[in-house]
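Colleague: Per our numbering, the very first residue in the sequence shown carries number 1; after that it's consecutive.
Just so you know, the hints here were simulated from the structure itself, not pulled from any lab data.
This structure is a prediction, so every number in the text was calculated from the model and none was measured.
Certain hints may be false.
[To be verified] Calculated cross-link-like contacts (lysine-lysine; reagent style PhoX-like; alpha-carbon spacing at most 25 Å): (1) Lys-239 - Lys-191; (2) Lys-150 - Lys-115; (3) Lys-33 - Lys-131; (4) Lys-150 - Lys-131; (5) Lys-106 - Lys-135; (6) Lys-103 - Lys-39; (7) Lys-309 - Lys-39; (8) Lys-115 - Lys-33; (9) Lys-224 - Lys-191; (10) Lys-74 - Lys-131; (11) Lys-115 - Lys-135; (12) Lys-224 - Lys-2; (13) Lys-309 - Lys-27; (14) Lys-135 - Lys-62; (15) Lys-303 - Lys-33; (16) Lys-340 - Lys-150; (17) Lys-150 - Lys-103; (18) Lys-33 - Lys-22; (19) Lys-270 - Lys-236; (20) Lys-106 - Lys-62; (21) Lys-135 - Lys-74; (22) Lys-309 - Lys-22; (23) Lys-115 - Lys-75; (24) Lys-115 - Lys-131; (25) Lys-86 - Lys-103; (26) Lys-236 - Lys-224; (27) Lys-193 - Lys-340; (28) Lys-135 - Lys-86; (29) Lys-150 - Lys-191; (30) Lys-32 - Lys-103; (31) Lys-220 - Lys-239; (32) Lys-150 - Lys-218.
[Claimed, not checked] Here are the simulated distance ranges between beta carbons: (33) Glu-153 - Pro-346: 20 to 28 Å; (34) Val-82 - Asn-29: 20 to 28 Å; (35) Lys-2 - Gly-294: 28 to 36 Å; (36) Ser-264 - Pro-296: 19 to 27 Å; (37) Ala-314 - Leu-287: 34 to 42 Å.
Glycine included, every Cβ here is placed at the ideal spot set by N, Cα and C.
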Amino acid sequence: MKAFYWENSSLFILDQRKLPLKEIYYKANTLKKVRYSIKEMLVRGAPAIGIVTAIGVYIGLKEAQSKLTFPLAKKNLLSLFVRIEKSLSSARPTAVNLFWALKRMKGVFQGFINKIPEGNLGQRAFEELLKSLQKEALSIWEEDILANFKMGEYGSNLLPEGGILTHCNTGALATGGYGTALGVIRRAYEKGKKIFIWVDETRPFLQGARLTAWELSKLKIPYKIITDNSAGYLMKKGKVRAIIVGADRIASNGDTANKIGTYSLSVLAKEHGIPFYIAAPSSTFDLTLASGEGIPVEVRNEKEVLTCKRKLIAPAGAQAMNLAFDVTPAENITAIITEKGIIVPPFSQNILNVLKNG
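Produce the entire structure from the sequences given, and follow the hints as far as they go.
Modeller: Here's what the structure looks like:
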């Protein structure tokens, strides 16, 4: 299952809006198309957004090359990078992986041009810069896949047998190719654990019903789709043994932003004594934030709530609030599974220890 692939200096993105009915790849060979793919959720999931953003930086500079006059003044090159950075950073505000990837790419960019004496940049130097940026972007992709495998190995030991509930989509489609929370589920199943997955439909974009179910079907892992508001009753009836979800940003105290509805699940899990796990790579942590209060929550177009498959499902003229994310407080989280190890409370202390020493 490939959420995207790289071929002949072009990024081909599986249009997740059309899944599971159609599998169509969108050729994102310009900066505008890369931004569109992120903004309009052709590609989604924090790790995947980070990877596509990194590749987008390369594509943006490569695209501009034919319009540049060489030798190129360093200040003009810096101005070009800033425009690319601003374009991509405004696509999705909550997923910190996007900004983490931009920072990595900017580091390579800055390091390269700092080595060039004052003056102008020649065409050959620009080509070398492009090679360095492409290498970094593809390294980010490769690192994410390896991180997914490690998370799967760590987290699979935590999951009990029986009913496991998950929310949104956190598999190969949302990452470099294996999965965070769904990667943990996948590895547990590969190890022979007898698990059954409850898949929240995840309104309004239906990432669970459309995407997670699609992935589980291909992996032949048993599951059933449920309406989001069925989860609490299933917990009460003893049908859920654990909950595992992904993350889009984790503050230094463990507060976690994830797809809207995650907070409600965490409250229900706490009420019913069910372990509640987060699975996310280290790139999803934002240690500049003391708590989740500082996490920006994206508000998307109300049409996503008022329509389904472009058909109106509400009264004409109705208005809607379409929050894309919510923030789960650290006290509702049993553990955070990362590629560096499993982090348990107290998170304010242990997040730093694991990320630094893991």
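Colleague: All hints are to be evaluated individually against the structure, with a verdict given for each.
Modeller: Cross-check of the supplied hints:
no. : hint                          : in the structure
1   : Lys-239 - Lys-191             : holds, 22 Å
2   : Lys-150 - Lys-115             : violated, 36 Å
3   : Lys-33 - Lys-131              : holds, 21 Å
4   : Lys-150 - Lys-131             : violated, 29 Å
5   : Lys-106 - Lys-135             : holds, 13 Å
6   : Lys-103 - Lys-39              : holds, 19 Å
7   : Lys-309 - Lys-39              : holds, 18 Å
8   : Lys-115 - Lys-33              : violated, 32 Å
9   : Lys-224 - Lys-191             : holds, 21 Å
10  : Lys-74 - Lys-131              : holds, 18 Å
11  : Lys-115 - Lys-135             : holds, 18 Å
12  : Lys-224 - Lys-2               : holds, 23 Å
13  : Lys-309 - Lys-27              : holds, 23 Å
14  : Lys-135 - Lys-62              : holds, 14 Å
15  : Lys-303 - Lys-33              : holds, 22 Å
16  : Lys-340 - Lys-150             : holds, 8 Å
17  : Lys-150 - Lys-103             : holds, 24 Å
18  : Lys-33 - Lys-22               : holds, 20 Å
19  : Lys-270 - Lys-236             : holds, 12 Å
20  : Lys-106 - Lys-62              : holds, 15 Å
21  : Lys-135 - Lys-74              : holds, 22 Å
22  : Lys-309 - Lys-22              : holds, 13 Å
23  : Lys-115 - Lys-75              : holds, 14 Å
24  : Lys-115 - Lys-131             : holds, 16 Å
25  : Lys-86 - Lys-103              : holds, 12 Å
26  : Lys-236 - Lys-224             : holds, 17 Å
27  : Lys-193 - Lys-340             : holds, 23 Å
28  : Lys-135 - Lys-86              : holds, 22 Å
29  : Lys-150 - Lys-191             : holds, 14 Å
30  : Lys-32 - Lys-103              : holds, 20 Å
31  : Lys-220 - Lys-239             : holds, 20 Å
32  : Lys-150 - Lys-218             : holds, 22 Å
33  : Glu-153 - Pro-346: 20 to 28 Å : holds, 25 Å
34  : Val-82 - Asn-29: 20 to 28 Å   : holds, 22 Å
35  : Lys-2 - Gly-294: 28 to 36 Å   : holds, 35 Å
36  : Ser-264 - Pro-296: 19 to 27 Å : holds, 20 Å
37  : Ala-314 - Leu-287: 34 to 42 Å : holds, 41 Å
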